[in-house]
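Trainee: Given next are the chains, with one letter for each unit.
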Amino acid sequence: MTAVVHTGLLTARALRQGARIPVFMVMNLVQPMIWLLLFGQLFRSVVEIPGFSTGGTYLEFITPGVVMMTAMFGAAWAGSSFVQDMDRGVMDRFLTSPTSRGALVASTMSYQAVVAVGQALVVLAVAWLRGARFGSTPGETTLGVLALLLAVVLLTALFSALSNATALLTGQQEALIGISQLITLPLMFLSSAVMDTRLSPAWVADVARYNPFDWAVVAGREALAASPDWGVVWGRLGLLALAAVVMGWVATQAFRTRQRSA
Amino acid sequence: MPPATRAPGTAIDAVALRKTYPGGRGRPPVRALDGLSFAVPTGTVFALLGPNGAGKSTTTKILATLSRADSGTAHVAGTDVARHPERVRRAIGYVAQKPVTDPMDTGRENLVLAGRLQGLGARDARARAAELLDRFSLTDAADRLVTTYSGGMARKLDVAMGLVHRPQVLFLDEPTTGLDPEARAEMWAEIERMTAVESMTILLTTHYLEEADRLAANVAIVDEGRVVVAGTPDALKDELRGDGIVVELAPGVPDDGASLAGRVADAVRASGVRDVRVEGRTLRARADAGAVALPAVLAGLDAAGLPVASATLARPSLDDVYLRHTGRSLTAAQAGSRSAAGDHAGAAAEEVAA
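As you go down the protein sequences, you meet chains A and B in turn. The opening position of the first sequence corresponds to residue 58 in this note's numbering, with each subsequent residue numbered one higher. The opening position of the second sequence corresponds to residue 8 in this note's numbering, with each subsequent residue numbered one higher.
Calculated directly from the structure, the hints in this document are not laboratory data. Check each hint, because a few of them may be wrong.
Stated by the list, open to error - Only part of the chain A face toward chain B is listed, based on derived beta-carbon distances under 8 Å:
#, residue
1, 66
2, 68
3, 70
4, 74
5, 77
6, 145
7, 146
8, 147
9, 149
10, 152
11, 153
12, 154
13, 155
14, 156
15, 317
Said to hold, decoys possible - With a straight-line cut-off of 20 Å between C-alpha atoms, the simulated SDA-like cross-links for lysine to any residue are:
#, chain 1, residue 1, chain 2, residue 2
16, B, 105, A, 315
17, B, 105, A, 144
18, B, 105, A, 187
19, B, 105, A, 319
20, B, 105, A, 316
21, B, 105, A, 228
C-beta atoms are modelled at their ideal positions from N, C-alpha and C, and glycine is treated no differently.
One chain only, chain A, in its complex shape:
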């Protein structure tokens, strides 16, 4: 119960501070639109390659990919707030008080999730304005969007936890740059986010099967399809949830390691 209250209080702090830097908020919304419109234009004709799976347009194909890219790239920086708190004495103050360690991790996850869900809705709206259509009935569309947003939340939780653990163990912003260059960017290309993996080399398709980012892309795309295979959607969401729980536990343990080395 304490942990839930603390998560709420700390999430409110993060949202309050995010809102105090409007430039940040605007950038958060502009960036996914750049991905969507740039990739959407650049690779528009790949859908004409024989064997490309989708029946729809490339914009419809890439929209869930861009939603997940935005969520993952944002979450990879979640540890920044820990680094800032550690640079000041704020983290030490939390750690010498009864503040729940789990809540410290969970609050950065929920803050990132709120931002990522907002970004996802903007991307979906822009794609819709540009002519993309998802689901076959209004009911199915709603259900599909909700499942896509669940995938966004789980993916965000997973990468926020990874970023937090790295921040706690290294205390360095540079390490977070490493995560985004060496982990998230390759994961993005080793997935079906912008390209149907059936047209990629076989090894890419093999890697993608074990890539949590691809789980989120597949779940989101399938949920928005004209006739979704819900087994695929729930299977991928389950895997993502499991990975997020494990990584969340690792991040919470990182507090102990930090105490031992401090």
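Following the hints, complete the assembly by docking chain B onto the known chain A.
Mentor: Showing chain B alone in chain A's frame:
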């Protein structure tokens, strides 16, 4: 281990704390604490006094559950810090050397959040925040972001943060370092007022002698990871019988280190002063009757061809106590800790610990 040996009125009890940090990249390990022990009676202000790298911050971190000692035991508010850190955390307030407030929140938001995380309800947290803002004369700035505060205001807010939940024990790690003299004097007045209003135990670390002298009932002088001497400031000073003599040689005297020190020591030998120490062109010594010994000291220096720039007589200060027990003046130790290689590692350890 049963805590049977602890006196009932002891709020903090540290016994033989040792802590070594790995050196890393081929450097030798750094011993931050080397069997440090002290006890703080409940409801008093206790100062750990020493230069950077002496082990003050490491001690505070162990007592506040941020770090663990390699060996030794510590109790805070009657609880073993290693066994039940979560119980200790409910009893303490901790104000780190670095700012503990969030610069992108207002003063009030910082205090309310701290209160809520300590378990106060929303209404109580708001009331307590208002009370503390008023006490520290921050009410006018309460709803401004902390990033707009002056250094002195921000530090006062830091101390207020540690008080939100009325802790039994408050840790203040160098509360006035980096403040200008005016802000420092104001902070001292706040801490004095605070100890009168809230009955709590305060552990203060500082490298300012006047700070320890003015605020603390008891002082422990820390050097190289251990307590070299402890007691009330007056008792420590009384232990040094007589007066302190400080003579500055003229700037024209060539400072060639050991050879100059030898010449000075020889020159004043006949004057009957004790505890002669020479650092650069500064001579420090003690004498039972300073007014009688000083002319003899000056005559001796004159006879040895060492011109004098100034000479002072002073009642013993904590600086003299520090000098007596460590062989260095605190000012010199503080300056040395920034340049000397050995102490540099100590400073690095403090940084690692931070």
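Trainee: Give a verdict on every hint.
Mentor: Structure-based check of all given hints:
1. 66: 5 Å, holds
2. 68: 12 Å, violated
3. 70: 6 Å, holds
4. 74: Holds, about 4 Å.
5. 77: 6 Å, holds
6. 145: With Cβ-Cβ at 5 Å, under 8 Å, it holds.
7. 146: 3 Å, holds
8. 147: This hint holds: residue 147 of chain A lies near chain B, its Cβ roughly 6 Å from the closest one there, short of 8 Å.
9. 149: 5 Å, holds
10. 152: 6 Å, holds
11. 153: 4 Å, holds
12. 154: 6 Å, holds
13. 155: Residue 155 of chain A check passes; min Cβ-Cβ to chain B is 5 Å, inside 8 Å.
14. 156: Holds, because the Cβ-Cβ distance from residue 156 of chain A to chain B comes to roughly 5 Å (cut-off 8 Å).
15. 317: 6 Å, holds
16. B:105 x A:315: 18 Å, holds
17. B:105 x A:144: Since the Cα atoms of residue 105 of chain B and residue 144 of chain A sit roughly 8 Å apart, the hinted pair holds (cutoff 20 Å).
18. B:105 x A:187: It is violated: about 51 Å lies between the C-alpha atoms, which goes past 20 Å.
19. B:105 x A:319: 15 Å, holds
20. B:105 x A:316: With Cα atoms ~18 Å apart, residue 105 of chain B and residue 316 of chain A stay inside 20 Å; holds.
21. B:105 x A:228: 15 Å, holds
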